[in-house]
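Participant: Protein chains in written order, with the numbering used here: chain E, 1 to 135; chain Y, 136 to 712; chain Z, 713 to 825; chain A, 826 to 1073.
It is worth saying that the hints were derived from the structure and are not from the lab. Cβ atoms here follow ideal geometry from the backbone N, Cα and C, with glycine treated the same way. Worth double-checking, as some hints may not be accurate.
Straight-line distance between alpha carbons at most 16 Å, and here's what the computed EDC-like set of lysine to aspartate or glutamate pairs gives [as the list claims (entries may be wrong)]:
1) Y:Lys252 with Y:Asp296
2) Y:Lys252 with Y:Asp192
3) Y:Lys253 with Y:Asp195
4) Y:Lys253 with Y:Asp191
5) Y:Lys277 with A:Glu914
6) Y:Lys277 with A:Asp999
7) Y:Lys430 with Y:Asp397
8) Y:Lys252 with Y:Glu382
9) A:Lys976 with Y:Glu455
Simulated restraints, written as ranges between beta carbons of each label pair [stated by the list, open to error]:
10) E:Arg25 with Y:Gln396: 53 to 61 Å
11) Z:Arg800 with E:Arg68: 37 to 45 Å
12) Y:Gly391 with E:Asp17: 53 to 61 Å
13) Y:Glu451 with E:Ala73: 51 to 59 Å
14) Z:Gly799 with E:Ile74: 24 to 32 Å
15) Y:Gly452 with A:Asp1029: 27 to 35 Å
16) Y:His426 with E:Arg25: 21 to 29 Å
17) E:His116 with Z:Gly799: 45 to 53 Å
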Amino acid sequence: MKAGEEVPPAVHRPGRDRLWFTRSRGYAVFVLRELTSVFVAWAVVFLLMLAAAVLGGRLAEFAALAARPWMVAINVVTLVATAFHAVTFLNLAPKATVVRLDGYRLPAWLIQGGNHSLWLVVSAVVAFFVLRGFG
Amino acid sequence: MIDVLIVGGGGAGLRAAVAVAETDPALKVAVVSKVYPMRSHTVSAEGGAAAVIGLDDTLDEHCYDTISGGDWLCDQDAVEAFVAEAPAELIRLEHWGCPWSRERDGRVAVRPFGGMKKMRTWYAADKTGFHLLHTLFQTTLKYQDILRYDEWFVTKLLVDDGRVHGVVAVELRTGRIETVHARTVILATGGCGRVFPFTTNAAIKTGDGMALAYREGAPLKDMEFVQYHPTGLPFTGILITEAARAEGGWLLNKDGYRYLQDYDLGTPTPTPKLRSMELGPRDRLSQAFVHEQRKGRTVDTPHGPVVHLDLRHLGEGRIEARIPFVRELCRSYQNLDPATDLIPVRPVVHYMMGGVHTDLNGATPIAGLFAAGETACVSINGANRLGSNSLPEILVFGRRAGIAAAEFAREHREPQPAVAGAQGEDERRRLLRARERHEGGERIAGLRERMQHTLEEAAGIYRTGGVLAKAADTLADLRERAEYARVEDDSGPFNTELISLQELRGMLEIAQTIVACALNRQESRGAHQRTDHTARDDATYLAHSLVHRAPDGTPSVGLLPVTITRWPPGERVYGRD
Amino acid sequence: MRRRLEPYLWLLFSGGGVVAALLLPVLVLLFGVLMPLGVLEWPAPEHLSGLLGHALVRAAFVVVVVLCLFHAAHRLRFTSEELLGIGRFDVPIAILCYGAAVAGGVVAVTLMV
Amino acid sequence: MTESRQAGARTIRMEVARFRPGEDDAPVMQGYDVPVLPDWAVLDGLNHIKDRLDGSLSYRWSCRMGVCGSCGMTVNGEPRLTCGTFLTEYGEGPVRIEPLKGFPVIRDLVVDIDGFLAKLSSVRPWLIRQGEEPPLTAEYAQTPEQLEAYKQYSMCINCLLCYSACPVYVLDPDFLGPAAIALAQRYNLDSRDMGDRFDVLSQDDAVWGCTFVGECTKVCPKHVDPAEAIQRYKLTAALRSVLPWSRR
Ligand SMILES: Cc1cc2nc3c(=O)[nH]c(=O)nc-3n(C[C@H](O)[C@H](O)[C@H](O)COP(=O)(O)OP(=O)(O)OC[C@H]3O[C@@H](n4cnc5c(N)ncnc54)[C@H](O)[C@@H]3O)c2cc1C
Ligand code: SF4
Ligand code: F3S
Ligand code: FES
Chain E
1 MKAGEEVPPA VHRPGRDRLW FTRSRGYAVF VLRELTSVFV AWAVVFLLML AAAVLGGRLA
61 EFAALAARPW MVAINVVTLV ATAFHAVTFL NLAPKATVVR LDGYRLPAWL IQGGNHSLWL
121 VVSAVVAFFV LRGFG
Chain Y
136 MIDVLIVGGG GAGLRAAVAV AETDPALKVA VVSKVYPMRS HTVSAEGGAA AVIGLDDTLD
196 EHCYDTISGG DWLCDQDAVE AFVAEAPAEL IRLEHWGCPW SRERDGRVAV RPFGGMKKMR
256 TWYAADKTGF HLLHTLFQTT LKYQDILRYD EWFVTKLLVD DGRVHGVVAV ELRTGRIETV
316 HARTVILATG GCGRVFPFTT NAAIKTGDGM ALAYREGAPL KDMEFVQYHP TGLPFTGILI
376 TEAARAEGGW LLNKDGYRYL QDYDLGTPTP TPKLRSMELG PRDRLSQAFV HEQRKGRTVD
436 TPHGPVVHLD LRHLGEGRIE ARIPFVRELC RSYQNLDPAT DLIPVRPVVH YMMGGVHTDL
496 NGATPIAGLF AAGETACVSI NGANRLGSNS LPEILVFGRR AGIAAAEFAR EHREPQPAVA
556 GAQGEDERRR LLRARERHEG GERIAGLRER MQHTLEEAAG IYRTGGVLAK AADTLADLRE
616 RAEYARVEDD SGPFNTELIS LQELRGMLEI AQTIVACALN RQESRGAHQR TDHTARDDAT
676 YLAHSLVHRA PDGTPSVGLL PVTITRWPPG ERVYGRD
Chain Z
713 MRRRLEPYLW LLFSGGGVVA ALLLPVLVLL FGVLMPLGVL EWPAPEHLSG LLGHALVRAA
773 FVVVVVLCLF HAAHRLRFTS EELLGIGRFD VPIAILCYGA AVAGGVVAVT LMV
Chain A
826 MTESRQAGAR TIRMEVARFR PGEDDAPVMQ GYDVPVLPDW AVLDGLNHIK DRLDGSLSYR
886 WSCRMGVCGS CGMTVNGEPR LTCGTFLTEY GEGPVRIEPL KGFPVIRDLV VDIDGFLAKL
946 SSVRPWLIRQ GEEPPLTAEY AQTPEQLEAY KQYSMCINCL LCYSACPVYV LDPDFLGPAA
1006 IALAQRYNLD SRDMGDRFDV LSQDDAVWGC TFVGECTKVC PKHVDPAEAI QRYKLTAALR
1066 SVLPWSRR
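If we strip away everything but chain E, and leave its shape as in the complex, we get (with noise of 0.2 Å):
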């Protein structure tokens, strides 16, 4: 309990800083990290109009507006921001997830090359399947 607090201390409050996110690098990265949700919503919206196309039968149509430059241009764009999502989250799953062995934990260095190791093979099936499947 705190004593003494009737009067009420003349204190100075700073206003709201708009541009806090360009006061350092940290914050920087931080927000562009936020900002790639844009990206993985575009993404999403991308393979929805693929699947639509492809089962509408209209992949020809698809695979041109695709190929458009400005397509291209804003794919890989979106190629950067999900992969420096992937890379940000993986690496920051140790976090959420202490796992413990015999009482000490794991380092998280183990765990961030697990899941890294994992991106890689769903990757590499993902592709298998998408290229050339079992057929």
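Dock chains Y, Z and A with the ligands against chain E, hints included.
Facilitator: Here is chains Y, Z and A with the ligands on its own, set in the frame of chain E:
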């Protein structure tokens, strides 16, 4: 009206607060502290806290180590009470959550410590005080009724007719000056290392409580006993804990020689041996440094002569596991790594054995006024405190003072006399005057530095009558000059200049008592070494110094017999079995 | 109300983050970059519709879409609030973001059933 | 410090934020020239100003060994412990010293941290046990591994650098914030604790307010890693919400 007002939110103050709350929840208890409690200096203690726990250890052995370590100037009844209650206090702290370091089987671990014959120093790595204080502070949060005055600075005790009635304090945040009425006051304001220039003590350790009590007529005890710790970092005075030596560190002179063997402290062994060599008591180790310096065997640096603490042979693993904070401090503040480099160290003012004279329950001669912790002198530390005795001391005697004050407050429920209010009003006016602008005088810092250097010269590791007498004059002069110090800040909120000035005022009086007591004690004992009286003189001085403030404001020193129960004075033997 | 929802939203967000991390880069690389640029051939339409013919793949597709959209919605909600300092409009923003995610989910479901 | 040593020393410009309540509407910067010696911390520079140039400057400090947690300030835009930040780090200077961001300023470099103390109490940061306290003859057993499980979170010195670095907190002062949550986890993960802090921690303004910016962990001088503490509790809290019968 507060029942128990505790001045100080360090280990002693917080322990007292819990004791009051547990004794009688109906009592109103408050903690006033000039810094947030968890910033108190207890937070800096590193090495550990001693209490008998091992099967091969006994209370009597802890008593003997403490008493011989204190060169027979400890009150033995106090030591017995302390040693008997220390284990329960440390266990209680464990029950409150303190993260003590552990053995493999889950019991708390103990380490050796200077001057202790058995391993009985509990530790939480090398941040013992930090964990102890935070555990205590967090535990007090459980008691919603403990009222906290955080960042309030007490400037005066209200005392009338030999009875305390409260305090006057400045609320730092607003600058408001308040009289707080209380039935009892416990002083737990810590030590006064800042009267010296080179100290391990934090900026807040200005001995305010000692000065508060002394000014109202309570005597101070054994003020000449100032502990130098042998291993401080040369520029900052940051402490390298004794645990570094307990873990096996060596002290080397400039030739790489373990010089302690030349000073009757035993023969070097590769692994640490209890009560021997580097694990001797602090007074003897610091004195050995001075002799090495005189022989030209120390290393010169821009910050004065040093010797080296060598931890390299312990290896990185052990350093990380047992004394990681030592490594962190060396890296951050000295730019070296103890795993590969020698650490430069020199003796540094560390602890005040003396303080406000109290009985076993912390009661001072002023009714209702209690003191506990480093600010008090019960006395269990005698002429030289053993490392790791003071953390348990603040717990044991903090609790005792809390219980005794609660008792007193329950029994004395008479209303406050009008004088108390008038005293408060006078003090308020004095403080308002003190923060008026005054451009003429000397700077507070300048006066403080003069005082510190005077004290270092006169009341350092070795002392001489002539120098002490001269210092007494200088201090009297400084006291006058401080009345006209330069004041640049006339504002209310967070006026730290006003606080510095009040602290300086107190420190000057304390410095005077240190010099007066040192001058009066014409013998050498423990941390008090007179080059003009080199022998211990039990016939005259097996007694405490008791210093009162005379009506003219000067210190007047008397002697008070030491309580001896079972351990007659003997020779202090280290490193010889 | 939000307090009871927040943990679920967070779980969806985290799950979505993992799924998006594992799957999206490779899919965007293939369909968005390599194939349009002609580095790789587009697979035969039958191959792709064959893939989408599996019930398992269809179900997975819906799950992936929903999770990834929730992930994005959650992040966008907080990022917009932090960047623009509009936390006091949290409820409408949340409804907007998660609403869009749900809409995407509905589209996916209608496509797949 | 002796005058002779200062005479030859290089100087550095320190720009210090001054705010006197009642007099100033907003902080103003004031410049001082201060000697830089190799072992001087920013705090030594401030003490030089206070002791020799301008007695009216106010700031907090005490231990000057990085353990009391009182000397946190914004140094050239970054939250730092001024006793552990060397002036030489700033080369030719100038060095800007401002109060910690995100807190109301009481005076000069002193900020109001009472809000934080209230948060600290709200997480019940003490060991919660059920039943009577056993006699004071034996400790609760705890193995070194069990100690290790929470040790890191017990190292917090309440310096508040993490709050100052956290944009969520700066935007929303009601956010429970990194150090308080880390402390709650310190007790949650202590094998001796039998308490439950779900009610406090699972609030909107508690763990769910954190968007994992991670700056708290980056600036923490004691390697507490509050960001990790928060994410771990999110997982705990989420699992408990989904599986209400599971605990911890
Ligand atoms: C670096 C260092 C390491 C140490 N290591 C050990 C060790 O390993 N083992 C050991 O046993 N001992 C050790 N000690 C000694 C021990 O830490 C101290 O003696 C002990 O912590 C003192 O505690 P305290 O409660 O008496 O005072 P403190 O913790 O100093 O608290 C004093 C309190 O009083 C308040 N206060 C002071 N003046 C006023 C005023 N005018 N108005 C309001 N409030 C005021 C302060 O705000 C503070 O809260 C060490 C000491 C130092 C300096
Ligand atoms: S978590 Fe770290 S940065 Fe935050 S208050 Fe604690 S010690 Fe300081
Ligand atoms: S910076 Fe803030 S948002 Fe979370 S991870 Fe740290 S508390
Ligand atoms: S002064 Fe104590 S942490 Fe810096």
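Participant: Quick one: which hint numbers does this structure break? Sort them smallest to largest.
Facilitator: The structure breaks hints 1, 5, 6, 15, 16, 17; every other hint is satisfied.
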